[in-house]
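*Asks:* Input sequences plus hints: build the corresponding full structure.
Residue numbers (our numbering), protein chains in the order written: chain A, 1 to 345; chain B, 1 to 345; chain C, 1 to 345; chain D, 1 to 345.
Simulated from the structure, these hints should not be mistaken for laboratory data. Hints should not be assumed to be uniformly reliable.
Copies of the same chain look alike in the list, so a pair counts if it works inside one copy or between any two.
To be verified - No more than 25 Å apart at the CA atoms, straight line, and that leaves these computed lysine-lysine pairs for DSS-like:
#1 Lys-308 - Lys-51
#2 Lys-51 - Lys-80
#3 Lys-308 - Lys-74
#4 Lys-263 - Lys-51
#5 Lys-45 - Lys-214
#6 Lys-214 - Lys-22
#7 Lys-192 - Lys-74
#8 Lys-74 - Lys-45
#9 Lys-263 - Lys-80
#10 Lys-214 - Lys-192
#11 Lys-218 - Lys-78
#12 Lys-263 - Lys-218
#13 Lys-218 - Lys-74
#14 Lys-80 - Lys-218
#15 Lys-22 - Lys-74
#16 Lys-214 - Lys-74
#17 Lys-168 - Lys-192
#18 Lys-31 - Lys-45
#19 Lys-308 - Lys-218
What follows is the residue order along each chain.
Number of protein chains: 4
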Amino acid sequence: MAVDYGPPLEPRGPVPYTPDTKNAPPLRNRKEPITLEYLHEMALKVRNWGKWGPDDEIGTLNYATPEKVAAAAKLVRKGKTFPLAIPLGMDGPQTGNRGRNNPVLLMRHSGADAYSGLRDYSGIRGADDWIVMPLQSGTHWDSLAHIFYIDKMWNGYDCREVYSWGAKKCGIEKTGARASGRGVLLDIPRVKGVAALADGTPVTPEDLDEAIDKQGVKVGTGDFLIVRTGQMQAYQERGTWGTYAGGDAPGLSFETAEWLHKKEVAAVATDTWGCEVRPNDAPGIFQPWHWVVIPNMGLTMGEIFDLKALAEDCADDGVYEFMFVAPSIPVAGAVGAPVQPVAIK
Amino acid sequence: MAVDYGPPLEPRGPVPYTPDTKNAPPLRNRKEPITLEYLHEMALKVRNWGKWGPDDEIGTLNYATPEKVAAAAKLVRKGKTFPLAIPLGMDGPQTGNRGRNNPVLLMRHSGADAYSGLRDYSGIRGADDWIVMPLQSGTHWDSLAHIFYIDKMWNGYDCREVYSWGAKKCGIEKTGARASGRGVLLDIPRVKGVAALADGTPVTPEDLDEAIDKQGVKVGTGDFLIVRTGQMQAYQERGTWGTYAGGDAPGLSFETAEWLHKKEVAAVATDTWGCEVRPNDAPGIFQPWHWVVIPNMGLTMGEIFDLKALAEDCADDGVYEFMFVAPSIPVAGAVGAPVQPVAIK
Amino acid sequence: MAVDYGPPLEPRGPVPYTPDTKNAPPLRNRKEPITLEYLHEMALKVRNWGKWGPDDEIGTLNYATPEKVAAAAKLVRKGKTFPLAIPLGMDGPQTGNRGRNNPVLLMRHSGADAYSGLRDYSGIRGADDWIVMPLQSGTHWDSLAHIFYIDKMWNGYDCREVYSWGAKKCGIEKTGARASGRGVLLDIPRVKGVAALADGTPVTPEDLDEAIDKQGVKVGTGDFLIVRTGQMQAYQERGTWGTYAGGDAPGLSFETAEWLHKKEVAAVATDTWGCEVRPNDAPGIFQPWHWVVIPNMGLTMGEIFDLKALAEDCADDGVYEFMFVAPSIPVAGAVGAPVQPVAIK
Amino acid sequence: MAVDYGPPLEPRGPVPYTPDTKNAPPLRNRKEPITLEYLHEMALKVRNWGKWGPDDEIGTLNYATPEKVAAAAKLVRKGKTFPLAIPLGMDGPQTGNRGRNNPVLLMRHSGADAYSGLRDYSGIRGADDWIVMPLQSGTHWDSLAHIFYIDKMWNGYDCREVYSWGAKKCGIEKTGARASGRGVLLDIPRVKGVAALADGTPVTPEDLDEAIDKQGVKVGTGDFLIVRTGQMQAYQERGTWGTYAGGDAPGLSFETAEWLHKKEVAAVATDTWGCEVRPNDAPGIFQPWHWVVIPNMGLTMGEIFDLKALAEDCADDGVYEFMFVAPSIPVAGAVGAPVQPVAIK
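*Replies:* Below, the structure written as structure tokens:
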């Protein structure tokens, strides 16, 4: 077969990544910017490719072994359950930014039809409903197929494993059995004595260590680390979501990647839209920490967690560890999915 | 104000329910049909309206108290987690029947865009996705707003509390904190020594008692009762969903309503599309057991649970009780919602 | 059958309409408010029920006979075609107000998949797409099932003919063959010598007559009357949609209902979100003109028409009449649908 | 910048196309198969790249000039309008094949809410609706962004101009002003004296010439050529869509590409799912004619046109030419879109 279609398109792909550094804002939190070189150095430092075999699709969730789950169950004393998801609806935080709207509920039929006798032909009076939603518009887990490192994803897979028909590797449906274990809340603003961290405030490894120390709790292998910044609660008290979705935010600093890698946590979740501090002083790079932890470390990430009630209870009884069960709904091939996470104390 | 718009429409609403009994098929499982009168008698017998106050929206889930959760956690020994949901995707069981399609995943962007350099302007390479789905198309809980009793719903609320913009009462988002506790599996086909119950086979109170007896497990107040019929597994082994969604099925007999009422279970779930046996020999009435248990008893119901792996493990170790955590995603105003239920042993 | 379900819900339906007049803003354009009584008087005055038989579902579109179409074709001289629809996309005018979002395009697959070789297994390289949209989010026709008069719709049909599964009567799919004829543009701001009418400005019967007179064009039976207010263009020039969708607007005054009735137009369309002036000084009534013209007169209404290019051409050549072809896509049971209307001169 | 990410993925893109010829069925209509080489030869023969300038996005629609529209209007005599679209709804022809479902209408609110008084707070009683649909699930035009030729599209554009956020080039919204002109129906089964062509029957250039001759009509530059096979009507009479969507079908033979090129038609439409004959005896190539006419010739293609009533009228009066107006709804960036085409005689 030797059909000559003429010269191929340039540049030949996979297309190299060239960050746009021209319009970079001034540095905000750092003395030196996060460059592609520094980012790559960190990526290699925390990279777990192959650690759980060449076919692994769940990364650090592997740390959450059955033994960890069994141990976590022993943390349950009061039987008090804290659901950590915000309601999914049109009044959610999304603005259309980065292509995400809020969920839309549409009724297939409703009580009005019942009252009006309009579905009696079906032999029952009831209501039924549909939803249209971006899978990451509310409280959710990112799957390891959510972020690519240039042209590769977790475990070295080709990014093309995620095409328009869904993720053939690392879809969120693979995580179900490993989304439970010991949860630990680090309540940074409470430790700092403020209501909420200001937008743009990095949570550094030192801040995490300080919280561990002051709260008297340990973080170790297989834990689900939940970091509270207070940002969601601040917006809730203001009564508007403002720029919560995709705007500036307090969050994990770039260097926490290494800290989390050493701690061998199973996953991390926060009460912000994107876990990491924004802006992150990385010219031409939207979320440098994401680049490192998702495709390189294989870290599962939870976002938009509502931590108010849990944090208050932890402050009350001084117990910052709990059983944590949070399997997202298993949308086949999805790169993220909504979840109702529960902390059980 | 005395505008005369002319004679009002007839019949005046709320429109009375008149079952179409003309085209009723011959009786299949019963000697006498379930009539509206008998159904109403049962409805009154199991009715829990007011039991948890006039503002209650979650019914029997109230039985699943924190004490029950704490006790359930003590059942965890191996730390083995069983996710019970089927994958959500276009190859699911729905056929369009009763207005339900299978979930459709659509990518906002994908690894193909990344490979092609098409989203580099956003400063990151990643994938994002949307879903369009009937909320009860996969493994799900019905909320108490799902079924009406003539013109009333759970706790005596007006069915019009559920209108086209969603459920103002009894939406699924109200249940989050109470969807955990002790789970008990009753594996009816294993007790009967068959691979699966045939379509149309009723699971009677006697069958449930037999399973309790033979399995050596108790069912009591606040338990999440999970009944396996084997139907899903039979279809899975056949490699096609056939008429699984909305067709004939084995399932709970009408009289189990009273049995469940006495047991004070928190919720019931099965591996079938609709929990109750179909057909149910109730001329002009599609699902008589639904009429009784949802709006009258206030029973939360789980459907399309995949029980294969759990049932095998229970058969292996002879332990049919476990910690059960199953909060559905909190779609505001929804009358049902997908869930990834987990049994932890 | 004598089941006693207890006392029925109150009030018995159909529920009477009781406008909330407590929070009415001060009158803006009128000396006397539009009351329910006055509205009802107008409704009876313009009511066409039965005029085209008891089974009619298209109302005044009946005026657009084949003879009118044949005559309209003779108006074509230059062969110049003016498409009057705005693009359907996420940057449209909707804000979520009244439950309407902007259309969302999602690709089933795309050129990125092609470039990456990911759909070659299908034997072709191509792109395919889905849309999720409120049917009236862009340029559209309302069907006669869109607005009810208390509990009745066009031709006296019960409003319950439009239930959650769609419109059994007067769905937009019924209109296809009758959405063509002679179009006439009345360019009110050009006649008044202003760029655009201010929000809240009523277009009265006198204004319409003035435009007819100054433009030297006639309006008669079966015409498609297109009224330009300049509002859309004003927003387009400002570069933001602002409150275009559902906010204050210039538009047809309440009394134009009678004028349109006498003219026997087939349909009316404007460059605003809702055709009629807003606010319309009708305490407790959102759109009094809609109440009258859609369910009573049976008038088909077009909204969000982009009239800039057409209006400029008409001003240039002084010809304000043209062939008009505008069948909306035939969504079965829909109460409105998008259309790409074309004026051909 | 010299970050070394390690070896790039292989093969480097754009990925070459390698047809799977192993599982090719036996030839059905041809003596020799359509090979990639023959296909490429035809592609070059009919290629119009650059003909309308380097920025053109509508291809052969350019032939439909205003002069052609003006001439077409003179064909209108009776004023009879034939809408050619099938209703858009859940009972449409799609099966999920190639990722296309049928349209789903969901009501935002309905007459049942009105009857029940549930939306009175909004100041009006009405209904509103949403749709979820693949844009090519019903009667539609393909845009020139729908099919790629290896890694290029119409006019030589890079296929990556169509990414997951839509088509930056050749979106359907570009075609509005040029979707009108003279229509010609060639009714092949009527010419052949059969009710419908059998699935798999090619319509050859000779068949088209025969129809032109027997019908006494000409086809020339700028015409909208509408070819009837009778397949849709055959399915309609059978009462089921069967394999209409994506299965075997009668349709245009591969060699008609050259015929259409010489005739300089503006567009072509048929009553089948995909215009061309299926199977088309091209091992490893799903639709070889699509490969040639869309990206190379720049031909706009209409599919799933309902031609029954038009064909009967043409047979009655012997007039096979008419004014044709068919602008699809302008979904921004879409690679196809629904349309209600009208033929006016």
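*Asks:* Is the C-alpha distance from Lys-218 to Lys-78 at most 25 Å within one copy, between copies, in both cases, or in neither?
*Replies:* Cα proximity of Lys-218 and Lys-78: in one copy and across copies (21 Å, 23 Å).
*Asks:* Using 25 Å as the alpha carbon limit, work out where Lys-214 and Lys-192 are close: within a copy, between copies, both or neither.
*Replies:* within (10 Å within a copy, 57 Å between copies)
*Asks:* Which holds for Lys-308 with Lys-51 at a C-alpha limit of 25 Å: within a copy, between copies, both or neither?
*Replies:* neither (36 Å within a copy, 30 Å between copies)
*Asks:* For the identical chains here, do Lys-214 and Lys-74 meet the 25 Å Cα criterion within one copy, between copies, both, or neither?
*Replies:* Result: close within a single copy only, 23 Å intra versus 30 Å inter.
*Asks:* Have a look at Lys-308 and Lys-74 and pick one of within, between, both or neither, based on CA distance no larger than 25 Å.
*Replies:* within (24 Å within a copy, 27 Å between copies)
*Asks:* Reference check for the pair Lys-74 and Lys-45, CA-CA at most 25 Å: within, between, both, or neither?
*Replies:* neither (35 Å within a copy, 40 Å between copies)
*Asks:* With 25 Å as the alpha-carbon cut-off, assign the pair Lys-51 and Lys-80 to within, between, both or neither.
*Replies:* between (36 Å within a copy, 22 Å between copies)
*Asks:* Give the relationship of Lys-214 and Lys-22 under a CA distance limit of 25 Å: within one copy only, between copies only, both, or neither.
*Replies:* For Lys-214 and Lys-22, neither the intra-copy (42 Å) nor the inter-copy (56 Å) Cα distance is at most 25 Å.
*Asks:* When Cα atoms must be at most 25 Å apart, do Lys-218 and Lys-74 count as within-copy, between-copy, both, or neither?
*Replies:* Cα proximity of Lys-218 and Lys-74: in one copy and across copies (16 Å, 23 Å).
*Asks:* With identical chains, the pair Lys-31 and Lys-45 could be close in the same copy or across copies; at 25 Å between alpha carbons, which is it: within, between, both, or neither?
*Replies:* The answer is within: 22 Å in one copy meets 25 Å, while 62 Å across copies does not.
*Asks:* Up to 25 Å between alpha-carbons, please classify Lys-263 paired with Lys-218: within, between, both or neither.
*Replies:* within (10 Å within a copy, 42 Å between copies)
*Asks:* Treating 25 Å as the Cα threshold, decide for Lys-80 and Lys-218: within, between, both or neither.
*Replies:* both (21 Å within a copy, 24 Å between copies)
In the structure shown, a violation is registered for the earlier hints numbered 1, 5, 6, 7, 8, 15, 17, in ascending order.
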